[in-house]
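Listed below are the residues making up each chain.
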Amino acid sequence: MAKTHFRKAQEQRILKLTLRFILSASLITLVLWGFYSILEQNYIFRWGLALQHLDSFNKGLMLTLQASGLGLVLALSLGLIVALLRLSPFALFRDMGTLYVHSLRNIPFIVFVLFMYFGFARAVLPRPYPNITLLGWDIDDRLFWGALALGLFEASFMSEIFRSGIQSIHKTQIEASRSLGMSYAQSMRYVVLPQAFRVIIPPLTGEIIALIKESALLLAIAVNELTLTAKTISGQRPLQFEFYTILASYYLTMTVPISILSHYLEQRFNIHRRRS
Amino acid sequence: MISIKGVQKWFGRLHVLKGIDMNIAEGEVLVLIGASGSGKSTLLRCMNGLEKIQEGHISVDGLDIQASKTNLNKVRQEIGIVFQQFNLFPHMTVLKNITISPTKVKGISKSDAHITAEKLLERIGIPEKANVYPDQLSGGQQQRVAIARALAMNPKVMLFDEPTSALDPEMIKEVLDLMRELAKENMTMVVVTHEMGFAREVADRIAFMDDGVIVELGTPQQFFENPQHDRTRQFIHKVLQA
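Read top to bottom, the protein sequences are chains X and P.
Note that the working numbering has the first sequence beginning at 1, numbered continuously upward.
Note that the working numbering has the second sequence beginning at 277, numbered continuously upward.
Hints are supplied without guarantee of correctness; some may be wrong.
Unchecked claim - No farther apart than 35 Å at their CA atoms in a straight line, the calculated lysine-lysine pairs in the DSBU-like style are these:
| hint | chain 1 | residue 1 | chain 2 | residue 2 |
| --- | --- | --- | --- | --- |
| 1 | P | K514 | X | K171 |
| 2 | P | K328 | X | K171 |
| 3 | X | K171 | P | K386 |
| 4 | P | K345 | P | K328 |
| 5 | P | K380 | P | K405 |
| 6 | P | K449 | P | K386 |
| 7 | P | K460 | X | K171 |
| 8 | P | K345 | P | K382 |
| 9 | P | K460 | P | K514 |
| 10 | P | K382 | X | K171 |
| 11 | P | K395 | X | K171 |
No lab work stands behind these hints: they were computed from the structure.
When you get a sec, could you build the whole thing from the sequences and use the hints?
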């Protein structure tokens, strides 16, 4: 009984939210449209024509997803390693971690991408670039360097999130687990990280979204991801407004579900958060 | 079972343990008492290596805690510790709290660990709480689970760091009763506590600490009825007045 009541209430809540969203979206559109009519421009909107280019957008989407996916895997794993370095009892490791985080966090991403692809890659690799294969998948070298830059760069942000999450877990939890004979690694794995995970869900999803958005800057090294695709085809057909609107909605379609998922996970893991 | 020789410890400039010598026999219950800041909790925490000592030696069951060749993780499996704030793992059920270390550290099979855990839960009187999370338990229940978690490793020594100080008065007895039972079963125990009744009744010996040294070490009878030192007399006078 209680459960159906709960579900009903939740359905009503979602319905209400949806209605409110539609209402506010229409209001904003109305206001913008009002301004636009005052300006008396004669831009002709050709949505039908623009939508015929969805195939190109979808190809760009694939590349955006690949770059973000590879970058994310790297950022998460390296971020955790750097976080553990920064929490290490050895000063040398801590310094290495600190140096990594601070040098990357304090330069613009686009500078780092340009450096990696035009600077670093050229300096260290023979030309022509060798083909790069990862698990049997031939990766275009621009995608490779783009994803690498994305992952390395975001690892510095992720590591700070991991570090603060780990540090938020009370030292007594480590003492209790070590007292039971667990090694440092076991204590991290079974006791600290699962608890830290709950704390870092909100900032972590924020950073994942940032990573996806930053992948747009890979256009600087000619990775044919979403943004470069939109830029290219809007040079070919005069449908800029439509194309960039479509571009923006592609990003929203990727990022909004992540925000919602984050919210859901946070609620779910929140239940047993009180300290024992 | 535990041998402590010439132990000195500093926290930065603060000299907290100023030469401690003591032996604790197998099956003995030693109660450490003293005012806060006297170093009793620190001494206890040194016994399982949670705190490092700068001078002296502590060995448990023949293994030197400080020696670099000693595998501290291994020694700690033999030393259970119970904390003032319970320190249960809040993201695990009661059962998981009890079985995690036996399975992951000792490599005991899950089913065997479960059987042991269920027996322990039976023993501490809350078999029905196996699948709840710590924050759904009362303080007394949490502390009993913490004791069960330590016992699940089948330790040779149990250390208690003010196990009842964070409890509501009506829950103190259930924890002390469990400790009494353990003492009866000849568990080697070192207990830091302010519970004078428990000390008088259960302790084989009482060590009174003040300002980083053991001022008095003797049977409860000697301690309460015939203390040798002024500082001990003053302390007893104060606590018995309260």
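For each hint, the structure was consulted:
1. Pair hint K514(P) plus K171(X) holds up; C-alpha atoms about 34 Å apart against a cutoff of 35 Å.
2. For the suggested pair K328(P) and K171(X), the alpha carbons sit about 16 Å apart, so the restraint of at most 35 Å is met.
3. Restraint check for K171(X) and K386(P): the C-alpha separation of about 28 Å stays at or below 35 Å, so the hint holds.
4. Distance restraint check for K345(P) and K328(P): the Cα-Cα separation of roughly 15 Å lies within the 35 Å cut-off, and the hinted pair is therefore satisfied.
5. Proximity of K380(P) to K405(P) is assessed by CA-CA distance (about 22 Å); at most 35 Å being required, the pair is judged to hold.
6. For the hint pairing K449(P) with K386(P), the CA-to-CA distance comes to about 32 Å; that is within 35 Å, so the pair holds.
7. Between the alpha carbons of K460(P) and K171(X) the distance comes to roughly 33 Å, so the proposed pair stays at or under 35 Å and holds.
8. A C-alpha spacing of about 20 Å is found between K345(P) and K382(P), which places the hinted pair at or below 35 Å, so the restraint holds.
9. Distance restraint check for K460(P) and K514(P): the Cα-Cα separation of roughly 30 Å lies within the 35 Å cut-off, and the hinted pair is therefore satisfied.
10. Between K382(P) and K171(X) the CA atoms are separated by roughly 23 Å; this keeps the pair inside 35 Å, and the hint holds.
11. In summary, the hint linking K395(P) to K171(X) is supported, as the alpha carbons are separated by about 30 Å, within the 35 Å threshold.
Checked against the numbered hints given earlier, this structure breaks none of them.
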